[in-house]
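Residue numbers (my numbering), protein chains in the order written: chain A, 5 to 121; chain B, -10 to 100.
Derived by calculation from the structure, the hints in this document are not laboratory data. Computed from a prediction, not measured in an experiment: that's the story for all the values here. A couple of the hints might just be wrong.
As the list claims (entries may be wrong) - Negatives, chain B to chain A, calculated, CB over 12 Å:
| no. | residue |
| --- | --- |
| 1 | LEU2 |
| 2 | SER3 |
| 3 | GLU4 |
| 4 | GLU5 |
| 5 | THR59 |
| 6 | HIS63 |
| 7 | SER82 |
Said to hold, decoys possible - The calculated lysine-lysine pairs, modelled on DSS-like cross-linking and capped at a C-alpha distance of 27 Å, are:
| no. | chain 1 | residue 1 | chain 2 | residue 2 |
| --- | --- | --- | --- | --- |
| 8 | B | LYS87 | B | LYS57 |
| 9 | B | LYS87 | A | LYS70 |
| 10 | A | LYS45 | B | LYS49 |
| 11 | B | LYS87 | B | LYS41 |
| 12 | A | LYS70 | A | LYS24 |
| 13 | A | LYS70 | A | LYS45 |
| 14 | A | LYS68 | A | LYS45 |
| 15 | A | LYS45 | B | LYS87 |
| 16 | A | LYS24 | B | LYS87 |
| 17 | A | LYS59 | A | LYS24 |
| 18 | A | LYS24 | A | LYS68 |
| 19 | A | LYS18 | A | LYS70 |
| 20 | B | LYS87 | A | LYS68 |
| 21 | A | LYS18 | A | LYS68 |
| 22 | B | LYS87 | A | LYS59 |
Cβ atoms here follow ideal geometry from the backbone N, Cα and C, with glycine treated the same way.
One letter stands for each residue in the lines below.
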Amino acid sequence: GAVVSQHPSRVICKSGTSVKIECRSLDFQATTMFWYRQFPKQSLMLMATSNEGSKATYEQGVEKDKFLINHASLTLSTLTVTSAHPEDSSFYICSAGEAGLGWAEQYFGPGTRLTVT
Amino acid sequence: GDSVTQMEGPVTLSEEAFLTINCTYTATGYPSLFWYVQYPGEGLQLLLKATKADDKGSNKGFEATYRKETTSFHLEKGSVQVSDSAVYFCALSEGDYKLSFGAGTTVTVRA
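Start from the sequences and build out the full structure, keeping to the hints where you can.
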């Protein structure tokens, strides 16, 4: 099946710094990628949807200037958490969809644990 | 808006026991319904899906039936194994790529 990777798997950063998380589709071209955030013992919350070559669409309540998303190619999307604060500590998950697979046929990455100290 | 409610865990079972995880939904239209599974250290994987009322999704011994009258999509397995230990998420989609997830249910199966 299709594989989506994320890097890094864990990252610890100091408050005020920025951190970049990469999401790659390894064996297919992802026309659409999604970024989710998961709090402990809670569900995945969709943060934004990005299509290759266009600006991301952010969900209500998500600060687009804080969570910068770039989907520069059909195999790579990045999420940059700018000026991170401890409340940004969370589990970030990306998923990728391939054109023609049908809606909701998303493939999920293993997630990135961000800890802001 | 769309929402999914699933039973809280954690659920702990013995091998060969019967598993049921309840899931109900609220949607404005006619959503497609999904169960995703997340094994330890891995990403979410699609377990099964149903796209219209009365459809039954099945995979790896798991089944769920799309019940429009009760707005439910309960997950069942007749005889669980230790390898079924995972977090299970119920989700819906109303025709685009967006998925709305339930809170997840942690299932632990003991030998």
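Outcome of the hint check:
1. LEU2: holds, 19 Å
2. SER3: Given that every Cβ of chain A is farther than 12 Å from that of SER3/B, nearest at about 24 Å, it holds.
3. GLU4: Since the minimum Cβ distance to chain A is about 25 Å, GLU4/B lies beyond 12 Å and the statement holds.
4. GLU5: holds, 28 Å
5. THR59: holds, 21 Å
6. HIS63: At roughly 17 Å from the nearest Cβ of chain A, HIS63/B sits farther out than 12 Å, so the non-interface label holds.
7. SER82: For SER82/B, whose nearest Cβ neighbour in chain A is about 4 Å away, the distance does not exceed 12 Å, so it is violated.
8. LYS87/B - LYS57/B: Holds, at about 20 Å.
9. LYS87/B - LYS70/A: Holds, at roughly 22 Å.
10. LYS45/A - LYS49/B: holds, 25 Å
11. LYS87/B - LYS41/B: holds, 17 Å
12. LYS70/A - LYS24/A: With Cα atoms ~12 Å apart, LYS70/A and LYS24/A stay inside 27 Å; holds.
13. LYS70/A - LYS45/A: Given that 27 Å is the threshold and the Cα spacing comes to 24 Å, the pair holds.
14. LYS68/A - LYS45/A: The given pair, whose Cα atoms are some 25 Å apart, holds under the 27 Å limit.
15. LYS45/A - LYS87/B: holds, 21 Å
16. LYS24/A - LYS87/B: Holds, because 24 Å separates the two Cα atoms, which is no more than 27 Å.
17. LYS59/A - LYS24/A: Satisfied, since the Cα-Cα distance of roughly 17 Å is no more than 27 Å.
18. LYS24/A - LYS68/A: holds, 14 Å
19. LYS18/A - LYS70/A: Answer holds: LYS18/A to LYS70/A is near 15 Å, not above 27 Å.
20. LYS87/B - LYS68/A: This hinted pair holds, its Cα atoms lying about 18 Å apart.
21. LYS18/A - LYS68/A: holds, 21 Å
22. LYS87/B - LYS59/A: holds, 17 Å
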